[in-house]
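Asker: Protein chains in written order, with this note's numbering: chain A, 1 to 402; chain B, 1 to 308.
The hints are simulated quantities; they were obtained by calculation from the structure and are not laboratory data.
None of these values were measured; they are calculated from a predicted model.
Take the hints with a grain of salt, since some may be wrong.
[Stated by the list, open to error] With a cut-off of at most 20 Å between alpha-carbon atoms, the simulated EDC-like pairs for lysine to aspartate or glutamate come out as follows:
1) A:LYS271 x B:GLU61
2) B:LYS147 x A:ASP266
3) A:LYS271 x B:ASP51
[As the list claims (entries may be wrong)] Among chain A residues calculated to face chain B with C-beta under 7 Å, some are:
4) LYS256
5) GLU264
6) ASN267
7) LEU268
8) HIS272
Heads up, the beta-carbon is just placed ideally off N, CA and C, and yes, glycines get one too.
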Amino acid sequence: MKILVLNCGSSSLKYQLFDMADKSVMAKGLVQRIGIAGSNIVHRKGDNGPKVTINTEILDHKDGIRKVFDLLISADNGVVTSLNEIEAVGHRVVHGGDKFASSVLLTDDVLQAVRDCIVFAPLHNPPNLKGVEAVSEILPSLKQVGVFDTAFHQTMKPEAFLYGIPYSFYEKERIRRYGFHGTSHRFVSRRAAELLKRPLEELKLITIHLGNGCSMCAIDKGKSVETSMGHTPLEGLIMGTRSGDIDPAVMLHIMKRYELTPHEVDNLLNKHSGVLGISAESSDLRDLEEGWPTRSERANLALDVYSHRIKKYIGAYIAVLNGCDALVWTAGVGENSPIVRSIVCKELGWLGIEIDPVVNDKTWRGAEGDIATPNAKVRNLVIPTNEELVIAEDTLEIVSKR
Amino acid sequence: MSQKLVVVFGVGPVGQGLAQAVAMSGCDVVLIDEAADKLEDSLVRITQALDSEIARWGLTEGEKKSILNRIRTSTDLKEAAKASHVIETIPEGLEGKRQLFSKLDAICPVETLLITNSATITVTDTAAGMKHPERLIGMHFLNPVRKTPVVEVSRGTQTSDAALENAKRFAKMLDKTVIQVYEYPGLVTTRVFLPMLNQAAKVLNEGIASCADIDNAMKLGFGLNMGPFALADQMGVDSLLSWMESLHHETNDNAYLPSKLIRKMVRAGLYGIKSGRGFYRYGPDGRRIEGSGLSIRELSAPGAISQR
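Only chain A is shown next, with the shape it has when bound in the complex:
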């Protein structure tokens, strides 16, 4: 049983072909500069095979996907003999609004509902949809499944997802907290239960996804009860270039003071803020950690502010959950930054959080494990995330049911 996973962006698309018999990656790659001169496909066989770059004109998403299909059955770079071997395609879809609480088979009716969610993610949902439409034009019989970043958080209650603004905005515009990275939070929470050898249904977990975007999730009995990203992925933690939580009045003040347009404010908060804005050096924590703690005052400050925000949310989520069995660190920074983990967990002993510095320092680069001290009340797990695999698993489950 082979499943193709697609993640379509505005001018690029990522693909991975899984053999679900052993959940191995048969091939994966990236199509770049779709519709722009100089387009190419970077393809590899297997999870770690050598990269092959194919320079070819790619007019649109459909053209790109057709060329990916051609690659998968090609003599040189192919991994299957016929496209019939592919059972289904799973798509990452960023925003499912409050219409989708789980992954779904993409029928015509469902697609219309996904289109209705474009208003929530005007930059992300349209290219996701283009991918779905392209596949159904190329291979109309192939089943397709949509896996939403927002779906996992649909279990939040109104007290967690409503904002303190007039209720009519929720009623009329569906303005509320949706949360993102749901696929990742869901994956690592299940894996945490396996590592802890306890049923997920009796666990209180705080998952910390620190990548380009950063978000945290409070998970009670396997269900998301609170998450830090909001109506958009701008809220919550400090990120590489995003501000996270901010007093909205500050923005009104700056807008007036510098006569900024909404577009400029949007860019200011999404691309010039966060770790980059504070450090004025880099948006990449790896840069700021190089030579830490003697690199520069601002680099340290950026790391401290970044870590403090995470600490604050841990406290909040322990209160929301009324306890915590484990913290779970995942994604680029979460999996690979002993420094951030150590700053965050410093002086949290009262809450039962204490990490072993030696274990912490060597748990990175794809390593999985518990970095808590043996006696700490709260376990402290590092778990590499794998959103593509979740999409493949969901897809398989949904198409097998029918």
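Position chain B relative to chain A; hints supplied.
Answerer: Okay, now just chain B, sitting in the frame of chain A:
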């Protein structure tokens, strides 16, 4: 569907602004002009424009780099043969535009959309002599292109429905609202603005209020972003005068008869931002100097202009 490549003719503010806007929308663009040095200058000015957007947090350094990577310049008209869209922003003049489009008509495949940016010369006039006049359409972008979210789209008598749809998609790519207008010199924006400027100049000339006060009254009173004088300085008082003359000729409507003050300013070289002085004075960076509004007495005193 083919890969988009936009060719822009002309290196005035609108040509530069369009090249920048197209590149910012993610599309490759070639800026063509006969003068290689002007092309150099325009790249410098586009870079400056991008830098000032970065200073206002509107862009990042990385985005600037990829935007500049999408812009090429050339002195060779034949580059247009590869374009999906060709738009001219060369100086207003029927003969020059006709010549350009008849050359483009000969070298561009029939699918290529040809666009004229003119507001005062009609598409039908410009299309005379083309083999495929159905693919010529008017799209009047306003200066500054980046900040003005509207485009006036006008069809000539022979422009096809396909060309109109294509032009609308092009406008959407650039994030502009389309105002579809019947072909007539001046379209909407120029037709309506020129009489307003003319009257404002008369009010100033009669000593009813100062330059800055007239601008402020119109700006605050009617919720405009800029007053008529500040806007005229930005558009170029000399260009405005020539548009008035051409519209007066076309319509015989005295609302377009240029006011004496405007004629006087153009004679004295007060063209606006581009000459450092118009209704206001401007520093080398193009920023308006505080309290520099034109006073009539100043303009009448012998030698007053040259002293500045």
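Asker: Return the numbers of the hints above that this structure violates; sort them in rising order.
Answerer: Per hint list: single violation, 4.
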